[in-house]
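Going down the list, the sequences are from chains A and B. Residue numbering for the first sequence follows the numbering used here, starting at 1 and increasing by one per position. Residue numbering for the second sequence follows the numbering used here, starting at 1 and increasing by one per position.
Any given hint might turn out to be false.
Dumping the calculated DSS-like pairs for lysine-lysine here, alpha-carbon to alpha-carbon at most 27 angstroms [unchecked claim]: (1) B:K128 to A:K10; (2) B:K286 to B:K44; (3) A:K519 to A:K367; (4) A:K485 to A:K202; (5) A:K229 to B:K44.
Derived from the structure by calculation, the hints contain no laboratory data.
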Amino acid sequence: MPPGPPRQVKDQRFGAFVAAVLAGFGLVVLGLLRLQVVQHDELTRLAEQNRVRLDVLRAPRGAIRDRFGRLLADNRPSFDVVFRPMPAESAARARAVLDGNWYAQVAALIVDDTSAVRRRVAEANRTGQTAVLRRNAPFAVMAGVEELRADLPGLDIQVVPLRSYPEGAAAAQMLGYAGQINDQELQAREDAGYRLGDLIGKTGIERRYEEMLRGEDGAEFVVVNAMGKRVSGLEGSPPRPPVPGHDVTLTVDLDVQRAMEEAMSGIARGAAVAMDPRDGSILGMVSRPQFDPNEFSSGISFARWRELSADGGNPLLNRAIQSAYPPGSTFKIVTMLAGLHAGLAGRNTHEPAACNGGYTFGGRRFKCWDARGHGSLDIVGALQFSCDVYFYQLGLQLGLDRLGEIARDLGLGARTGIDLPAEARGLVPDDAYYNRNFKAGHWPRGVLLNLSIGQGELLTTPLQLATMTSVVANGGRAVRPHVVKAVDGVPTFRIDRPLEAGLASTPEQWAVVHDAMKKVVDAGTATAVRIPGIGVAGKTGTAQNPHGNDHALFVCYAPTDHPTIALAIVAENSGHGGSVCAPIAAHVLRRVLLRDSLATAPPAPRVPADSTGAAGD
Amino acid sequence: MTRARLPELDWPLLLAALGLVLMGLLTVYSATSIPGAHQGLWMKQLVWFGLATAIAMVVAGIHFRIYDSLAWPLYSISLVLLVAVLLVGSSKMGARRWLDFGPVQFQPSELAKLATTFVLARFFDHSKIDLRRMRWWLPPLFITLVPFALVAKEPDLGTAMSFPAMLVAMYFWAGMSPGRLLLGLSPVFNVALFFLTGSVAWFAGLFATLLVFVRPRLAVLLLFVAINGVVAYETPHLWGRLHDYQKRRIETFVNPENDPYGAGYQIIQSKIAIGSGGLLGKGYLKGSQKALAFLPMRHTDFIYSVVGEEFGLLGALTAVLLYAVVIIRGYRLAVVARDGFASLLAVGIVTALFFHVMVNILMTVGWAPVTGVPLPFLSYGGTALIVNCVQIGLLQNVALRRRES
Chain A
1 MPPGPPRQVK
11 DQRFGAFVAA
21 VLAGFGLVVL
31 GLLRLQVVQH
41 DELTRLAEQN
51 RVRLDVLRAP
61 RGAIRDRFGR
71 LLADNRPSFD
81 VVFRPMPAES
91 AARARAVLDG
101 NWYAQVAALI
111 VDDTSAVRRR
121 VAEANRTGQT
131 AVLRRNAPFA
141 VMAGVEELRA
151 DLPGLDIQVV
161 PLRSYPEGAA
171 AAQMLGYAGQ
181 INDQELQARE
191 DAGYRLGDLI
201 GKTGIERRYE
211 EMLRGEDGAE
221 FVVVNAMGKR
231 VSGLEGSPPR
241 PPVPGHDVTL
251 TVDLDVQRAM
261 EEAMSGIARG
271 AAVAMDPRDG
281 SILGMVSRPQ
291 FDPNEFSSGI
301 SFARWRELSA
311 DGGNPLLNRA
321 IQSAYPPGST
331 FKIVTMLAGL
341 HAGLAGRNTH
351 EPAACNGGYT
361 FGGRRFKCWD
371 ARGHGSLDIV
381 GALQFSCDVY
391 FYQLGLQLGL
401 DRLGEIARDL
411 GLGARTGIDL
421 PAEARGLVPD
431 DAYYNRNFKA
441 GHWPRGVLLN
451 LSIGQGELLT
461 TPLQLATMTS
471 VVANGGRAVR
481 PHVVKAVDGV
491 PTFRIDRPLE
501 AGLASTPEQW
511 AVVHDAMKKV
521 VDAGTATAVR
531 IPGIGVAGKT
541 GTAQNPHGND
551 HALFVCYAPT
561 DHPTIALAIV
571 AENSGHGGSV
581 CAPIAAHVLR
591 RVLLRDSLAT
601 APPAPRVPAD
611 STGAAGD
Chain B
1 MTRARLPELD
11 WPLLLAALGL
21 VLMGLLTVYS
31 ATSIPGAHQG
41 LWMKQLVWFG
51 LATAIAMVVA
61 GIHFRIYDSL
71 AWPLYSISLV
81 LLVAVLLVGS
91 SKMGARRWLD
101 FGPVQFQPSE
111 LAKLATTFVL
121 ARFFDHSKID
131 LRRMRWWLPP
141 LFITLVPFAL
151 VAKEPDLGTA
161 MSFPAMLVAM
171 YFWAGMSPGR
181 LLLGLSPVFN
191 VALFFLTGSV
201 AWFAGLFATL
211 LVFVRPRLAV
221 LLLFVAINGV
231 VAYETPHLWG
241 RLHDYQKRRI
251 ETFVNPENDP
261 YGAGYQIIQS
271 KIAIGSGGLL
281 GKGYLKGSQK
291 ALAFLPMRHT
301 DFIYSVVGEE
311 FGLLGALTAV
321 LLYAVVIIRG
331 YRLAVVARDG
341 FASLLAVGIV
351 TALFFHVMVN
361 ILMTVGWAPV
371 TGVPLPFLSY
381 GGTALIVNCV
391 QIGLLQNVAL
401 RRRES
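Turn these sequences into a full structure, and let the hints guide you.
This is the structure we're talking about:
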């Protein structure tokens, strides 16, 4: 005999199993009795006279507002022409009703071809679910449907919330747009309860905050008659009301945004970012060219989408975070700070070689942007007039590691972690980078000269430049760029801490940088941005572009005594930062910082290009 | 080999199972009789049944000692396949459950179920077994948890839950006392009661009562009080950290009517179908709810609704009776089998069958969550039918050799 319990114990346990089986099947029998005896009449009525149909009650998406509650994205009702499938027992009758004439009439009404209507109706009848025949129908179509509805059984009108963007193209790339879910998204997000026809955020804030913005659809069982018309709600199964999505409040200030839109309106391609240097909140973000997100709400044609996304201008691209440019001379702020930080330069340091329009290194002549030369300058003057020769020499002393470290501390060369999708990384090259591209350890020191004036392999997004400017403005404290300030109904929402530690330099060193940047505006390369009564500190840049004309750049912050706004502006193929971007900054700062009466005053007269070098680098 | 007399099969069990298969074929024919994508599936099901019968005969012919010795290798293979299905499996309706082999799809969770039964039976069939000691009760827990977690991850909660169900039954059969079993299950009851009642008070009361009756050793007592304390504390916290859609899923699991256009839609249509069937049903092929797809998945997961609609209470109870015969005769085999492994094997297999029947039928009458578990023998589907027939084959295997030890 094998080990094991005696037969009597086995029998007891068998008894327990039998008891469990009887209890389980007893429950089944109770369930069957409840349905087939107790509720039989009621359920038979439902089965034989009427049918239960499920109507989805679409939840409105949360609104998006600026920091003062002004609407940037909202919902408006739209009207879909739908086909409601008919109940089972009238299937034969349905076949008789849905004749060629029915299809012809419906197709004519909604301006579609008959075969498409046939396909969707067949699908609805197969699945028992409502099919949309015409989305966002115009009034004329609606009127026609209303008029003929009695003669066209199954046809109905359904109200659904549609996304609308009251500011149109303003901040379009940052807001993104919500459109109908596609097959891939549906498959990937099935678990989250998405279904066909749902809206889903495709880009920008709409995508990044999809989980918050999206509501929860409600549903209602309705009892319908033989022709599919609603008779009543289902007893004992109250409708579940839709739960609207959370409203999202942005850090964006619509006034700043509008001022930036105006100022950038003359730029064909480019981007501008305005940031609060105290905490990294984005006050405004413009990317040009633009598109109108309202176009997507009701569904756009593939041809139009191709036009928007594949066109050379690519308006869907958010250049403020997705395009990376060489920073040009705006990077001299980094080189300068690195020099001060490393103790290689002080306020009155002159570099050994005076600027005579160029600098010879390794048998090659590196030009200064001003061929006439700047002479011997101290570090403040070097930034003020953007002397390349000065920064070539400073960069050579610094070396790649020290220069790169400060650049990264200021937020360059890595994603800032802004709460928007698809941010570009940019590039601050390091040893490893050059070792990959040159023979290990044998990359030419000449690259340093290019880097120290912001050319060469350096790539930065306008957002990174705004972050850099903010960190400089606030004296080295790292900030985390972000666009969302609060989510209504989610009190636990908070902004993540900065990704970088920031930059610890002495107050004296910061003072040198701040003074130099102020001089750039007061009497340097950016006099176009002078504003009476407001201190502005900035730096111009011109980035060589191998594919065409130079890009113009400008970064600044103001007011200088307690900065509340930092700006970074890039205009593609537009020439010099001082002459193109500085006036844009001036326009924004006037509108934002001056009292109302002065805000609209004409911009200060531009200084002639060749007198002070305002058109220069 | 002589064939002078009938082999010592468990004939009532076999006939009841065959009756269920016949009922299934008839109902699949009816459920797919309306024009549409699924027309003619009953023919395929018939072919599957032929194949399944052949496999079942082979399975019954091989001596159970072979399964005993192959338990661990089979278990290992099934775990590898379960991982594979998560990595490269094909997905249907949001779950990765199948591996594609050309035209044939294979569900590794089914192999895992059998392999786990073999391993558990092998483990429990030990002369020195003492389930009061951790050295004995802990390994089976791990053996079960691994495939359970992998199947739950697919996600296929219905099938996954059959693993712990099997384990509990086999613990019991192997000699664990009911009190200890309840004590071990207490964290599960703890969580379940929290979701049903929204408070920990209910569980606390029941747990205290249980402790009075079981009177465990101090160390065990402290351990379970601690575990349940942590569980009771963490459950609401965990709940708070879930995403909205995750909460919704769990709420639907507890109360399917909360998801009216997902699982709830099927349930309400199923209830109408069964309820309108009444005592005698609408007659074979005359069901109206099954038409026009008002009853989704009518030939697979919701086939019992078609039975209820067309054959009424009479038909529905016939099915229940046939299942009861299979299951009770199955447990009876566990009693009469002289070999420990065979006895435990029967308990594991029958419990898994019982669990699936309960989960599916209670779902169709609206008393259990919709989990996508097919009804054994009745639902359309090749893999499921083969596995069910293999299970019957294994039970007959035990029946054939019940006098061996």
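Against the structure, the hints:
no.	hint	verdict
1	B:K128 to A:K10	holds, 18 angstroms
2	B:K286 to B:K44	holds, 22 angstroms
3	A:K519 to A:K367	holds, 23 angstroms
4	A:K485 to A:K202	holds, 21 angstroms
5	A:K229 to B:K44	violated, 39 angstroms
Consistency note: the structure conflicts with earlier hint 5 alone.
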